[in-house]
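Enquirer: Chains as they are written, first to last, in our numbering: chain A, 11 to 217; chain B, 288 to 456.
Hints listed in this document are in silico derivations from the structure and should not be mistaken for laboratory results. Keep in mind that this is a model prediction, so the values were computed, not measured. Any given hint might turn out to be false.
Ranges of calculated distance between the beta carbons of each label pair, as one might list FRET restraints [to be verified]:
| no. | chain 1 | residue 1 | chain 2 | residue 2 | range |
| --- | --- | --- | --- | --- | --- |
| 1 | A | HIS57 | B | ASP319 | 13 to 23 Å |
| 2 | A | GLY94 | B | LEU394 | 52 to 62 Å |
| 3 | B | VAL360 | A | ALA124 | 50 to 60 Å |
Ideal Cβ positions, reconstructed from N, Cα and C, are used throughout, including at glycine.
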Amino acid sequence: MARVKASDACATAGLVSAYLDGQLLPGELDVVVEHLNGCAECIAEFHALREVRAAVRTLPYLEVPDRLLPDTHPGEQLSAYLDGQLATAEHDFVLSHIDYCTDCRLELHELDAARTAIRSLPGLEPPEFTSVQRDRIERERWSRRRVATAGLGIAAAAALFFATFGPSSSPVGDLDINPYLDQHQARVSVEPGINFIPAIAPVGGTP
Amino acid sequence: MADEVTPTWEDVARTYGRKIYNFAYRLTGNPDDAADLVQEVLLRVRKGLSSYTPGSFDGWLWRITRNAFLDDVRKKKRRPTSPLPDDERNIAASSPSPDEVLASVRLSEDIQSALLKVPLDFRECVVLCDVVGLTYEEIAEAVEAPVGTVRSRIHRGRKMLRELLTWPV
């Protein structure tokens, strides 16, 4: 094979790396191969660059720290996915994830089953009363009214009796609350915090 | 990854996270910077996927990666990179023999140290080619330069490394 002239060496020297990488353009391969067969200088460069290339490629491939990668499971997004409540990007994310993630696919099926079960519960309608049931309810209602009326009558009679014949010193209608109000105001003036009584003391709180 | 299908953000994180980390680590020699870059790139990918037009996904991704890296470099005003940390031996894959492990670590340190001395334009092309494994066309798309320029940068970058490395290794 004819030796490539020195001027050609300059033109092809820059192609040695591309030759190593198999990245030569069509038509260049023959030129470079022919040149390498005849140029000791370029052959030496070819070997040197091949060593460099191999050395860089021996660099260990490092594992990316786990913390850098996202939590790759949808989690709570699964329920929202079932309900059609996800934004488009999230929806696509879940859709693609369950395509290959068995765990999440199983979880999605379980959530779907639970959702279906809840949604399949029958809706409750108000009961329809028969005429017999309606009559019975009416009778019970009137019966309760009569008892209540009788009770009121007895209470009124008793009040009249005590008003007429009971002790006159402490009639219920004459209860005087003014002393109690005076006492209360006196206490409030001394202890402002007692002007009301909370219904329920807070749990674990100060009294 | 198929050119016609737009991957999800999760796919990108799972498929490319390690590559991005290695790219960043070899370019910076700093695990913290590499970690920051991975997070930044994944964030940009997540934001950008909605507007991504199916095509050369690798070119698109590595262009984002490179731009994120350059932004970080500019932000830090090209602060000096630190040498390879001693604990790399805990991260790197090791061979059974302690001597081989030691030799491997020393070789890695030598190569990493030499890489950091190569100008960035050349270093990134060499790393994208030899560490990440991109084709020249993909590198050209990533660094937004003609393929001929990429070819020249890889060649010259390797020649610089050849001068910097102590042989025989």
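Enquirer: Taking the CB of HIS57(A) and the CB of ASP319(B), does the distance hold inside 13 to 23 Å?
Expert: This hint is violated: roughly 38 Å between Cβ atoms.
Enquirer: Is the hinted range of 50 to 60 Å satisfied by the C-beta distance from VAL360(B) to ALA124(A)?
Expert: holds, 52 Å
Enquirer: In this structure, is the beta-carbon distance linking GLY94(A) and LEU394(B) contained in 52 to 62 Å?
Expert: holds, 56 Å
In terms of the numbered hints stated before, the structure departs from hint 1 and from no other.
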